[in-house]
Amino acid sequence: MILAAVFELWSSAWPAGLTMLGLGSGFAVVLLIASEKLKVEVDPKIEQIHGALPNLDCGACGFAGCGQYAKAILGNAELLGKCAPGGAETSAKIADILNLQVSDSGPPKRPIIHCRAHADDKTIYAIYQGIQSCTAANALPYVQACGFGCLSFGDCTRACKFDALHIVDGLSTVDYDKCTGCTACSKACPRHLIEMVPFRYENMMTVACSSKESGKSTRAFCKVGCIGCGLCVKQSELFKVEQNIARFDYAQYQMTEKEEAAMNKCPTKVIIYRGKTAPEPPQPRSRTAAATKA
Amino acid sequence: MSVQLKGRFSFPGGVHPPEKKELACESPIQPGPAVTEVAVMLSQHLGAVCDPLIRKADAVQAGQKIGDRDAFVSAPVHSPINGKVKEIALRSHAVIGRGLAIVIEALPNNPTKRSHFTLPDGFDERKYSAEQICEAVREAGLVGMGGAGFPTRVKIEPNPRLPKETLIINGCECEPYITCDYRIMLEWTNQIIAGVRLARRASGCSRVFIAIEDNKPLAIEAISEALKNAADGDRIAVAPVKTKYPQGGERQLIRAVLKRYVPTGGIPPMIGVVVLNVATAAAIAEAVVSGQPLTHRVVTVTGEAIARPGNYYVPIGTSVEDLVEFCGGVTEKCAKVVLGGPMMGIAIADLKTPVTKATNAVTVLTREQIGRAKFARRQTACIRCGRCLQVCPENLNPTKIAHAVKHNLLDVAAGYYMNACIQCGCCSYVCPANIELTGYVKTGKIFLAREKKKMAE
Numbered sequence: 001m002i003l004a005a006v007f008e009l010w011s012s013a014w015p016a017g018l019t020m021l022g023l024g025s026g027f028a029v030v031l032l033i034a035s036e037k038l039k040v041e042v043d044p045k046i047e048q049i050h051g052a053l054p055n056l057d058c059g060a061c062g063f064a065g066c067g068q069y070a071k072a073i074l075g076n077a078e079l080l081g082k083c084a085p086g087g088a089e090t091s092a093k094i095a096d097i098l099n100l101q102v103s104d105s106g107p108p109k110r111p112i113i114h115c116r117a118h119a120d121d122k123t124i125y126a127i128y129q130g131i132q133s134c135t136a137a138n139a140l141p142y143v144q145a146c147g148f149g150c151l152s153f154g155d156c157t158r159a160c161k162f163d164a165l166h167i168v169d170g171l172s173t174v175d176y177d178k179c180t181g182c183t184a185c186s187k188a189c190p191r192h193l194i195e196m197v198p199f200r201y202e203n204m205m206t207v208a209c210s211s212k213e214s215g216k217s218t219r220a221f222c223k224v225g226c227i228g229c230g231l232c233v234k235q236s237e238l239f240k241v242e243q244n245i246a247r248f249d250y251a252q253y254q255m256t257e258k259e260e261a262a263m264n265k266c267p268t269k270v271i272i273y274r275g276k277t278a279p280e281p282p283q284p285r286s287r288t289a290a291a292t293k294a
Numbered sequence: 001m002s003v004q005l006k007g008r009f010s011f012p013g014g015v016h017p018p019e020k021k022e023l024a025c026e027s028p029i030q031p032g033p034a035v036t037e038v039a040v041m042l043s044q045h046l047g048a049v050c051d052p053l054i055r056k057a058d059a060v061q062a063g064q065k066i067g068d069r070d071a072f073v074s075a076p077v078h079s080p081i082n083g084k085v086k087e088i089a090l091r092s093h094a095v096i097g098r099g100l101a102i103v104i105e106a107l108p109n110n111p112t113k114r115s116h117f118t119l120p121d122g123f124d125e126r127k128y129s130a131e132q133i134c135e136a137v138r139e140a141g142l143v144g145m146g147g148a149g150f151p152t153r154v155k156i157e158p159n160p161r162l163p164k165e166t167l168i169i170n171g172c173e174c175e176p177y178i179t180c181d182y183r184i185m186l187e188w189t190n191q192i193i194a195g196v197r198l199a200r201r202a203s204g205c206s207r208v209f210i211a212i213e214d215n216k217p218l219a220i221e222a223i224s225e226a227l228k229n230a231a232d233g234d235r236i237a238v239a240p241v242k243t244k245y246p247q248g249g250e251r252q253l254i255r256a257v258l259k260r261y262v263p264t265g266g267i268p269p270m271i272g273v274v275v276l277n278v279a280t281a282a283a284i285a286e287a288v289v290s291g292q293p294l295t296h297r298v299v300t301v302t303g304e305a306i307a308r309p310g311n312y313y314v315p316i317g318t319s320v321e322d323l324v325e326f327c328g329g330v331t332e333k334c335a336k337v338v339l340g341g342p343m344m345g346i347a348i349a350d351l352k353t354p355v356t357k358a359t360n361a362v363t364v365l366t367r368e369q370i371g372r373a374k375f376a377r378r379q380t381a382c383i384r385c386g387r388c389l390q391v392c393p394e395n396l397n398p399t400k401i402a403h404a405v406k407h408n409l410l411d412v413a414a415g416y417y418m419n420a421c422i423q424c425g426c427c428s429y430v431c432p433a434n435i436e437l438t439g440y441v442k443t444g445k446i447f448l449a450r451e452k453k454k455m456a457e
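Protein chains in written order, with this note's numbering: chain A, 1 to 294; chain B, 1 to 457.
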């Protein structure tokens with residue numbers, strides 16, 4: 001009985017099965033021929049380079065992803081060394097593949113945020129209740145009195161693919177253990193506060209302020225802003241004051257007593273260390289005095 | 001003979017918020033406070049920022065040019081008072097945040113108030129050539145006084161590639177609260193018409209429409225009356241337009257009056273149209289006839305939280321603080337100060353912000369007023385009611401754009417014509433879910449501009 005039913009099914013199904021089989025093998029032959037005839041020659045080196053890259057697709061090199069970058073390197077060897085997360089190691093690997101000499105690209109670059117004002121340090125004139133994004137807030141004046149400092153709505157934290165940026169008490173803070181130096185944060189900041197700096201040492205000295213206001217205005221807007229007084233310039237020739245803001249020459253960066261002295265002289269304590277093991281930045285004089293009194 | 005067109009011209013979309021013009025519309029234009037210090041911003045217009053022409057501690061005369069830039073899209077700035085340059089420092093600016101300003105300390109010999117220009121008898125615009133008019137307009141630093149501040153010379157100068165044929169004078173003043181253009185139309189009627197004739201001569205336009213919203217019947221009447229016995233009265237028509245917001249937007253106005261569309265991403269000259277604000281027209285007359293630069297303007301100080309609302313003829317560079325104090329200060333209910341009207345104006349927190357050429361009003365709102373604003377209540381999810389689509393004067397889909405921007409899909413947002421948005425705020429005004437649609441579109445435009453810049457590098 002069952003056998004009869006199976007036979008019945010088979011007898012009605014075999015033409016369909018055979019047709020599918022025929023079609024399938026027909027197409028397979030077509031595909032086989034096409035794959036041979038229309039083959040795109042891919043340089044095996046591209047595959048190798050792609051394999052050597054970290055495959056994070058972070059965009060630090062300026063290309064849409066690691067695949068695009070791999071192709072570009074093959075065409076133009078000068079593009080070697082643009083992979084920030086991979087660093088020198090990846091560059092060396094790729095150079096091996098391409099039989100090139102790696103030129104020393106210097107120490108890895110890491111972001112430094114040119115602001116050190118936490119929520120308590122800033123003067124706020126009005127309450128902002130708009131869209132919670134730095135770019136949106138920056139389009140409106142006076143979200144906070146300082147027009148140059150960190151807005152702390154976290155456009156940079158959202159841009160970071162490596163969870164290396166966090167808003168800590170109203171200030172964007174870099175976790176240097178996780179940072180790969182992909183520059184996404186520095187591109188996301190509407191106020192251009194984040195500078196990519198070659199980290200020659202574990203901790204780098206920096207002027208953590210971007211305020212181009214006059215000293216008087218800066219003092220009114222922020223407890224820890226650079227007032228452009230020029231005391232640091234007197235201590236070390238690596239500092240210079242332009243547009244009411246002290247800047248540091250990172251090309252000639254070196255740690256000597258002079259720079260330490262400049263740091264200690266700074267009245268608003270805006271010259272601080274940033275880096276993996278950076279000490280807690282000191283508080284400006286007036287504030288510490290007030291704290292001890294209280 | 002004059003022509004007053006029949007009917008109510010209008011455009012599809014738009015909203016009609018409470019007008020609130022009664023607060024200041026009865027108050028005639030008065031001289032503003034005697035200032036001790038003015039801060040003249042170097043960026044008061046769209047285009048290249050001026051370079052200062054003077055140094056710290058220099059003495060300046062009223063009307064002296066203190067900043068200029070050799071660029072096509074730019075306008076010089078002038079000192080409104082006799083004084084001494086105190087400093088060139090950063091001051092708050094409603095649009096650019098912090099910008100450089102020339103701070104001038106007034107000298108005691110200042111005339112307390114500037115007497116307003118009166119049109120001489122026997123004025124004839126044919127005495128001035130088109131080049132003369134354009135040059136005078138440029139030298140006087142004229143910019144659009146309706147809010148955007150586009151340099152007027154660029155607008156009215158004849159361009160062989162884009163010949164101009166129609167001039168529309170914008171007297172709509174569709175923003176709630178603001179009344180400065182209304183008072184100018186009532187009080188400086190002849191000056192406006194002289195300015196219109198000069199602008200027509202400079203730009204070579206053959207047709208002129210003066211568009212006025214029909215909630216200002218007195219202004220329509222005053223202008224029609226002044227044109228009644230004019231020889232060229234039949235070439236200047238008064239067009240009453242429907243009272244709604246944003247009737248005064250130049251694209252909307254062209255659609256309403258001429259029934260023509262300015263192409264998306266295009267500008268009015270592409271279809272041969274120039275749109276000028278009434279205050280700009282009045283300033284053109286003054287600049288060409290008397291050679292006086294634009295150093296003063298009419299500002300409406302209004303709102304429920306101001307003691308004495310009114311319209312004041314103030315030096316450009318006067319701080320909002322001085323103005324508000326002159327009007328009796330703010331009442332206890334004050335919650336928000338806006339430069340411009342409540343729909344498109346920008347809220348400011350720093351009362352030291354100076355008045356610029358494009359500042360038409362200072363609106364001081366109470367908590368009850370801003371209680372209706374979107375941010376005050378919590379935003380909820382979009383319920384797809386489609387009201388923003390109904391009111392959008394540019395026929396866009398604000399909710400789609402806003403969602404795309406929120407999720408960082410800039411190409412999608414651009415595909416919905418994000419850059420065609422005029423940021424009038426109608427969609428945010430009607431949204432029952434309190435979504436800041438206009439805010440998202442504005443943010444998206446900034447993101448897109450930045451992305452393009454990155455691509456270019």
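What the hints contain is simulated information worked out from the structure, not anything from laboratory work.
Mixed in with the good hints, there may be bad ones.
Claimed, not checked - Subject to a maximum C-alpha distance of 27 Å in a straight line, what follows is the list of computed DSS-like cross-link-like pairs (lysine-lysine):
| # | chain 1 | residue 1 | chain 2 | residue 2 |
| --- | --- | --- | --- | --- |
| 1 | B | K333 | B | K65 |
| 2 | B | K453 | A | K216 |
| 3 | A | K223 | A | K240 |
| 4 | A | K240 | B | K56 |
| 5 | B | K65 | A | K71 |
| 6 | B | K454 | A | K187 |
| 7 | A | K212 | A | K258 |
| 8 | B | K454 | A | K82 |
| 9 | B | K84 | A | K216 |
| 10 | A | K240 | B | K86 |
| 11 | A | K212 | B | K333 |
| 12 | B | K86 | A | K161 |
| 13 | B | K454 | A | K161 |
| 14 | B | K333 | A | K187 |
| 15 | B | K452 | A | K71 |
| 16 | A | K258 | A | K269 |
| 17 | A | K71 | B | K86 |
| 18 | B | K352 | A | K212 |
| 19 | B | K333 | B | K352 |
| 20 | A | K216 | B | K352 |
| 21 | A | K258 | A | K240 |
| 22 | A | K82 | B | K452 |
**Item:** Violations among the numbered hints, reported as their numbers in ascending order
**Value:** Violated hints: 1, 2, 5, 11, 12, 14, 17; rest satisfied.
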